[in-house]
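> Listed below are the residues making up each chain.
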Amino acid sequence: RKEVEQDPGPFNVPEGATVAFNCTYSNSASQSFFWYRQDCRKEPKLLMSVYSSGNEDGRFTAQLNRASQYISLLIRDSKLSDSATYLCVVNRDGSSNTGKLIFGQGTTLQVKP
Amino acid sequence: NAGVTQTPKFQVLKTGQSMTLQCAQDMNHNSMYWYRQDPGMGLRLIYYSASEGTTDKGEVPNGYNVSRLNKREFSLRLESAAPSQTSVYFCASTQRGRSSYNEQFFGPGTRLTVL
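Same order as they appear, the protein sequences are chains S and H. Numbering follows this note's numbering, in which position 74 of the first sequence is assigned residue number 69; successive positions increment by one, without gaps. Numbering follows this note's numbering, in which position 45 of the second sequence is assigned residue number 51; successive positions increment by one, without gaps.
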């Protein structure tokens, strides 16, 4: 079983739709959580960090459920420019604190006109 | 600022050839990382350098070596390339804070094909 699991999709949605992605992680010692965005044939870029209290950035909302060990990303009012692969990322360093990240395989979103 | 740069962008090797992938960052970050990305696998950590002068193995280090030349540069070497090393390679860097790390910044990647 992969340490960070995501549904690879693709998720095909019309413009203006609301779409949600979930991600599960297996190591309960995981410390920090992130969503990265990766455009086709480009490098990953940080979309947002995920906090225990949940956080919102414009049309994007991230939630963390430590008890169930899952992370979610909600995108409201989808735009064509949101088409990309969304990577769920976990830092499970704990006391060793090396900054190492564990990446899920990514969920592909395609927003259609 | 250029951020994280990688050279070359593309490379084709024959089995058994060697090469070095170069990475440099101009953000004065202390930690640097090498990942490979394969279809359906996500990014996997090959080696990392938590600070200048230190390197450690990641999840998939076999067949690779690294050098942290100075604070800016972190190179990845394939001594004897194999077809299984065909992949996209990303270098990343981050700044360690007092108790945690900030986001990792990635280079544009090197697309390597081993025939």
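Derived from the structure by calculation, the hints contain no laboratory data. This one's a predicted model, so the numbers in the text were calculated from it and none came from an experiment. In this text, a Cβ means the ideal position worked out from N, Cα and C, and glycines have one as well. Check before you lean on any hint, since a few could be wrong.
Capping the alpha-carbon separation at 27 Å, the derived lysine-lysine pairs in DSSO-like fashion look like this [stated by the list, open to error]:
1. K20(H) - K107(S)
2. K40(S) - K74(S)
3. K40(S) - K(-3)(S)
4. K74(S) - K77(H)
5. K77(H) - K(-3)(S)
6. K63(H) - K(-3)(S)
7. K74(S) - K20(H)
8. K107(S) - K(-3)(S)
9. K63(H) - K77(H)
10. K20(H) - K95(S)
11. K37(S) - K15(H)
12. K74(S) - K107(S)
13. K40(S) - K95(S)
14. K40(S) - K20(H)
15. K40(S) - K15(H)
16. K63(H) - K40(S)
17. K74(S) - K(-3)(S)
18. K37(S) - K(-3)(S)
Here are some of the chain H residues that sit facing chain S, going by a computed Cβ distance under 7 Å [unchecked claim]:
19. G59
20. T100
21. L118
> Confirm or reject each hint.
Each hint, compared with the structure:
At most 27 Å may separate the alpha-carbon atoms for a hinted pair to count; K20(H) and K107(S) exceed this at roughly 41 Å. Distance hint between K40(S) and K74(S) is fulfilled; the C-alpha atoms sit about 18 Å from each other, no more than 27 Å. For the proposed pair K40(S) and K(-3)(S), the alpha carbon gap of about 22 Å is at most 27 Å, so the pair holds. Under the criterion of a C-alpha separation no larger than 27 Å, the hint pairing K74(S) with K77(H) is inconsistent with the structure, at around 40 Å.
Of the supplied pair hints, the one linking K77(H) and K(-3)(S) is violated, its CA atoms being roughly 33 Å apart against a limit of 27 Å. Between the alpha carbons of K63(H) and K(-3)(S) the distance comes to roughly 19 Å, so the proposed pair stays at or under 27 Å and holds. Of the pairs offered as hints, the one joining K74(S) and K20(H) is violated, with about 43 Å between alpha carbons and a cut-off of 27 Å exceeded. Annotation: proposed proximity of K107(S) to K(-3)(S) is violated, straight-line Cα distance about 31 Å (limit 27 Å).
Taking the CA atoms of K63(H) and K77(H), the gap is near 18 Å; set against the 27 Å cutoff, the hint holds. Between K20(H) and K95(S) the alpha-carbon distance is near 31 Å, which puts this suggested pair outside the 27 Å criterion. A C-alpha spacing of about 11 Å is found between K37(S) and K15(H), which places the hinted pair at or below 27 Å, so the restraint holds. Taking the CA atoms of K74(S) and K107(S), the gap is near 8 Å; set against the 27 Å cutoff, the hint holds.
Between K40(S) and K95(S) the CA atoms are separated by roughly 16 Å; this keeps the pair inside 27 Å, and the hint holds. In summary, the hint linking K40(S) to K20(H) is not supported, as the alpha carbons are separated by about 32 Å, beyond the 27 Å threshold. Between K40(S) and K15(H) the alpha-carbon distance is near 18 Å, which keeps this suggested pair within the 27 Å criterion. Between K63(H) and K40(S), the direct Cα distance comes to roughly 23 Å. Compliance with the 27 Å bound is thereby established for this hinted pair.
Between K74(S) and K(-3)(S) the alpha-carbon distance is near 31 Å, which puts this suggested pair outside the 27 Å criterion. With a C-alpha separation of about 24 Å, the suggested pair K37(S) and K(-3)(S) falls inside the 27 Å cut-off, and the hint holds. Annotation: G59(H) was flagged as interfacial toward chain S, and the flag is violated, the nearest CB pair being 14 Å apart, outside 7 Å. Taking 7 Å as the C-beta cut-off, the interface hint given for T100(H) holds, the closest approach to chain S being about 5 Å.
Among the interface hints, the one on L118(H) is violated; its C-beta lies about 14 Å from the nearest C-beta in chain S, farther than the 7 Å criterion.
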